[in-house]
Amino acid sequence: MPPFLYLFLGALAIVSALGVVVQRNPIHCLLSLISTLMVIAILFIGEDAVVVGFLQIIVYAGAIMVLFLFVIWLLNLQTESGPTGHIVLKTLGSLAAAALAAELSLFLAAPHLQVKMIQEPAGYGSLESLAGKLFTDYLVAFEVTSVLLLAAVVGAVALARRMPNAAGEGASDPRAAGAIRAAQASSRVQG
Amino acid sequence: MTAELISGAIMAILMVLIGLNLSLFLLYFERKGSALIQDRIGSNRASITGFGKRFGMPNLGIINTVIADPVKLFTKEDFVPDGADKFLHTLAPFIALFPVMITFVIIPFGDTISIGGHKIDLTATNLNAGALYLLATLGLGVYGVALAGWASNNRWALLGGIRATAQMISYELAMGLAIVSVIMTFGTLNLQEIVRGQGGVWFGFLPRWGIFTQPLAFVIFLVAGVAESKRVPFDLPESESELILGYFTEYSGGKQVVFMLTDLAEQALIAMLLTTFFLGGWQIPWLMHDGFHLPGGAILAVPALAVSILGVIAFLVKAVAVCVFLGMVRWTLPRFRYDQLMRLGWKGLVPLGLFNVLVTAFVIVATGKVQ
Amino acid sequence: MIPLTYMMSLSAIIFAIGVAGVIIRRNVLVMFMSIELMLNAVNLAFIALGSRLGSMDGQVIVFFVMTVAAAESAVGLGIIISVFRNRETVHADELNLMRW
Amino acid sequence: MTVEFPALALILLFPALGVVFSLFFGRRFGRGAVNLVGPGVMFAAFGVATWAFMKLLGMPSGSALAVQMWGWIEAGQFHVEFGLRVDALSGVMVMIVTGVGALIHLYSVGYMAHDEDYARFFTYMNLFALSMLILILADNLLMMFVGWEGVGLCSYLLISFWYTNPQFAYNGRKAFVVNRIGDAGFLLAMFTIVAALGAHGVWTLDFVQLRANAALIGAGTATAIGILLFIGATGKSAQLPLYVWLPDAMVGPTPVSALIHAATMVTAGVYMIARLGFLFAMAPGALDLVATAGAVTALFAATIALVQPDIKKVLAYSTISQLGYMFLGVGSGAFASGIFHVMTHAFFKGLLFLCAGSVIHALGGEQDMTKMGGLRRKLPITFLTMLIATLAIAALPPFSGFFSKDLILEAAYESGHFWLWILGVITAGLTSFYMFRLIFMTFFGESRVDADKEHHIHEAPAVMTIPLIALAILATVGGWVGLPDGWLWGNAFVRFLAPAVGTFTPAVEGNAGVLSVVALVVSGAGIALAYFFYIRLPGIPMLLAWRLKEPFNLLLNKYYIDELYNLVVTRPLFWVSDRVLNRAIDTYVIDGAANGAGETVQSSAQVVRRAETGNVEHYVFVYVLGALGVVAYYLYLVAHR
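Residue numbers (the numbering used here), protein chains in the order written: chain A, 116 to 306; chain B, 165 to 535; chain C, 7 to 106; chain D, 1026 to 1666.
Hints are computed from structural coordinates only; laboratory data are not their basis. One thing to keep in mind: the hints can contain errors.
[Said to hold, decoys possible] Stretch by stretch, here's where chain A covers chain B in the computed footprint (C-beta under 8 Å, at least three residues):
| no. | region |
| --- | --- |
| 1 | 290-298 |
| 2 | 302-308 |
| 3 | 314-327 |
From a predicted model like this one, the values you see are computed outputs, not experimental measurements. Note that CB positions come from ideal geometry on N, CA and C, so glycine has one too.
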C-alpha cells in the first residue's frame, strides 16, 4: 500500500471516527461509523488481509450497521442537544482519552516494539489460509462461536419481544427488528 | 503493470457501459415489451423528426425510452421537501447507484485473448476474492434506499425505505447462500475461474453449467435476485397502491433518474450474475479452445480469436435473454404481500439455501473433491 | 509496507476516539457505536501485527471479534430497545437505577 | 509365570452389563427379561471363570493369569494399574463367587417372584457380584479396596432393601457404619504400607511387587499393618468386636443373606488376610491376634446361636462362628485351610440359608422356629438338602465341612495354640448341637405352624429347588478335594494353593488322626444332645431355660452386646455431637464466623457503595484513568531500559 494512500485513508478514518463522536444526529453518527468501517476494511485489504477485509464490509457494514439503523428508526431518535450533564467529567474524560492516545502512540512507537518482519507465506490472507486456521487450530473456538451466535439470536428475540400487556399492543415490529437483524448478522458471519 | 492497469481501466469502462446499455435495453423493454405482453401499443409518440407516423417511419419507441424519458426527467425541478436532510437526500441516490456500478467490474465477459503477445483476461479485475467482493457490494446496496427513505422526511418514503432495507437484507442472505454453494462446487472465489469451471460437458452432450450442477441454487439466486432488484413481484418498497412511490416518493428530476437507473442496473447486474454463475458465462456449449466438439464426436475447428469473440457475444446474448426473462416475469406475476415476502425469504429460501449448502458439502466430501 | 508504528498509532487514535465517544455522548446507541469503533481499532492492530509477523492468527482473531461483535450488538440493541420501551429514554445519565 | 489373559475382563463385564440393563431397562422390559438377564450374566461370568480356572489348572503350579486394563493413578513414582490377576487363590475365590452367586441368583428368581422391586433387586445383586469380583480379581490393594467398599455399599443397599420398614433401614445403616470402622483400618493399613515402602523408594500397591518387597517392611511396621488389616477384616467378616451388624443384616431378603452374609462378602476378610499372608507371616503377633479373635468369636457366637428362636438369626450366628473358624485357620498360619473352609462354608452355609429361605417362603414369611415343626414331609427336598448341609456344617464325614474344619483344628493345634484348639473343639460340639436343634425344631415333631399359614405350605418351585440340589451336591463332595494326606490324592487343595499363600509349617507335632477323632466325637455328642433335647424329651429346654434363667437370658439377649455398644459408643457420641458440637461449637463458633463475615461485608459495603453512582460516564472515566495508569507504567518501563 503506497504511503500516500495510507495517509489519505488514515486521515479519512480519523475524521469519520471523530464524526461518530461529535455529530448530533444519530443517523449521521452511524454514517460516519460506516465510513470508518469501510476505510478500516480497505486498510485490512492493504495489509493483505483480503478476506477479513471483505468480511468486515459484509458483516459490519452490511449487517450490524443496518441493525443499528433499524434500531435508530425504531426508537425514532432525533437530533439531540449538545452535551449536557457532567460537563466537567466529560471534558476531563475526553482529555484523558487524548492523553491515552498520545501515550499509546508513544508506547507503540517505542523501539522495542519494532518486531522484525517475517515474510508473509504464499497465499497469505487468502480464504484457504484463513479457513485452514479456522478449521484446524481454532476449530473448537469456531464451533463455540456458532453456539454463541445462536444464543445471541435467541437472546435478541427474548429481549426485544414486547410482552402482550394490558394495552394489548401486538408483538410484531420490535421482534422483527431485533430477531431478523440478529439472525441476519449471525448467518452472515457463518455464511 | 501499467499495461494491466490500462487494460483493466478500459475493460472496467467497457463493462460499465455494457451494464448501462443493458439498463437502457431494460428501460426500452419496460415500455414496449410490457406493451407487447399486455397487448398495448405502448409509447409511440416521439420520434426523431416528431412526425414518424406520417412518413410511415418505423417507430419502436426507442426514441421515447432512451432519449425522451431521461430528457423529460432531467428537465423537471429537483425538489427537496421541507424538513428533509438535504445532504443525505442528495447523497442517497448516488449511494444507491455506486455499489451496483462498481460490481460490474468483477464480471468476466470473455476468455483470455492474446493481442500482440499480451494475454488479456476479459474481465476488468480478475479478483481472487471476487465472490466476497460481490457479497460486500450487494450488502452496501441497502444504504442508498434506506437513507433515501429516511432523508426525505416522508412517512411513505420511510416505510418504503424500511421495507426495502428489510427485504434486501433478507434476500441477500439467501443469495449469499446460493453463491456459497456455487463457490463450493467450483472450489474458487474467482468468477473467471468459476466460468472456466463451467466449460466442458457431461455424458458428451450436457454442458457443465451451474444451472445443471446447482439447480436449487439457481432457483434461489433467481428469486433472491429479483427481490434484490425490488422488481415485481417483490416491489413492495415502491408499491404505488400502498406507498405512493416508496422510498423515492420525494425524488424528482435527475435524482429520480439515478434511482430508476439503479433499479435497471441492478436488474442488469442480476442478469449478468445469473449468466456468470449458472449459465456458463461466456461459455458456449461444446465450444472448446480449438473449436466445437459436437456430441456426435465431430469437430469443426474455430480460430482462437474467433472463439474469444464468440464467447463475448454468447455472454451478451445470455445476459439479454435473462433480462427479457426477468421483464416477462415482471409483467406476468402479481405482487406479494409483505408478510408473504418475509415468509418466503426466511422460511423458504434461507432454509433451502442452507440445505443446498449442506448437500453440496456432502457431495463434495463424498466425491473426494475436497483439497 | 507501512511502518508498524504508523498503523499502531492510527489504531490507538481511533481507540481513544471511541473511548472519548463513550464518555462524552449521553445517547446509549452512540456509546454503542463508539464501542464498535474501539473494537475496530483493536482489529486494525491485530491485522497490522499479523501481516508484519506473517501469521494468520491475527486475522483469525479478527474474524472471531467480528462474530462476537455481531452477537453483542444483536443482544445489546435488544437490551436498548427493551430499556427504551420501559424508560422512554436512551440517555445514559437518566438510566442510573443501578446506584446505591 | 504370568500369562496375559484379556478374557478376565469379561468376568467383570457381564455383571456390569447386568447392572446397566436392570437399572435402566429393567422396568421397561419387565420381569421376564430381568429374570433372564440377572442370573444369566452370572452364569456367563461363571463360564468365563471356569474357562480361566481350567487354563490355570493346565499351567504349571504357581503361575497366574493377568490383564492390565488401563493405568489408573499416576502420581510421581506412585502409580496404580487397573489390572486383574488370577492365581490359585483368587481363582478358587472367583469360582466360589461366580458359581454360588449364579445359583443364588437363580434361586432369587423364585424367591423374589412376588416382589415388585425385582429390577432394583437384581441391579443390586449384580452390582454386588461386580464389586465382589473386583475385590477378588484386583491385582493391587487399592483396587481391592474399591471392591471392598463396593460390597459394603451393596450389602447396605440390600439389607435395607425393603426400606419402607424403618427398622430394616436402620439395620442397613448400622451395617454400613460398622463396616466403615473396619474400612478405616484397611485404609490406614494401606497408607502405612505405602509409607513404609515409599521410605525405601518402592511406590506400589501391587500384590506381586508387595510380596517381592515385603522384606523392606520392618517387623514392627508389619505388626501394625497386620493389626490394622485385621481390624478391617473384623469389620467386613463380622468378628469380635465388630460382628454386631451381621445378625441385624438378616432382615434383608434371604438370598441376600445367603450370598452376601454367608457365602461371599463376609469371607472377604479371610481372603484379604490370606492374600496378604506374606505380611502376616512377618508379624506373628498379628497372626496370634487373628487366631485368638477367631476362636473366641467362634465360641461366643456359637453360644448365642444355642438359644435363638429366629431361624435366620441362628444361621447368622453360626456364620459368625464359622467365620471365626476361618480366622482361627488363617491365624494359625494355615491360610490354605482357611480358604478351604471358606469354600466349603460357602457351599453349606449358602445352602442352609437358601433352605431357610425356602422354609420361610413356604410359611409366608414366618421365621420363628417355635412356630414351625414337622415340615419334613411337606418340604421333602428342602428337608433333605438342609439335612445334608447340617451334616456338613456339623463336620461329619464324608461331608465337606468335616475336611476343612478338621484341617483348621489340626492347624490350630499344631501351631501351638492349644487353648484355641480346645475352644475350637467345644465350638464344634455347640455347632452340631444348635444346628440339629434347628433341624429338629423345624422339620421334626408336630407342627406348631399358625393355622392360617398351615394350608399354603408348599415345596418351593423348581427354580428354587435346583440350586438347593446343586449346592447340596457341592456341600457333599466339595470337601473331597482336600482329603487328609496319604489318602487317595491327598490334600490336593492345599497343594494347589501353596504357591499363592505359602505352606503351613507345624510348630508342635500332633497326631492328625487323634485330633480329628476328638473333634468328631464332640460333634457327635452335640448331635446326640440335640436329639435328646428336642425329640426325646422336648420339655427339657424349657426346664433348663427356667432353671438357668440368667445365663439363658444372657444368651437370648446376645450378651447385651448391642446395649453395651449403645451405652459405651452411641450415647456418648450423640451427647458430644448434640451438646458440644451442635449447641456450643456450631451455634457460637461457626454461626458466629458466618454472621460476622456477613456483617463485616455489609458494613464495609455501606461505605464502599458510594462509589456506585449508577452513571456510565463515571465508570468509563475511571476505566480510562486505569488504562492511562497501566500504559504509563509500561512507558516508564520502556523508558528505563
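We went through each hint and held it up to the structure:
1. Counting residues of the region 290-298 of chain B whose CB lies closer than 8 Å to any CB of chain A gives 4, which reaches the minimum of 3, so the coverage claim holds.
2. Only residues whose C-beta sits within less than 8 Å of a C-beta in chain A count toward coverage, and the region 302-308 of chain B has 5 of them, enough to reach three; the restraint holds.
3. Judged by the Cβ-Cβ criterion of 8 Å, the region 314-327 of chain B is covered by chain A as claimed, because 3 of its residues qualify and three suffice.
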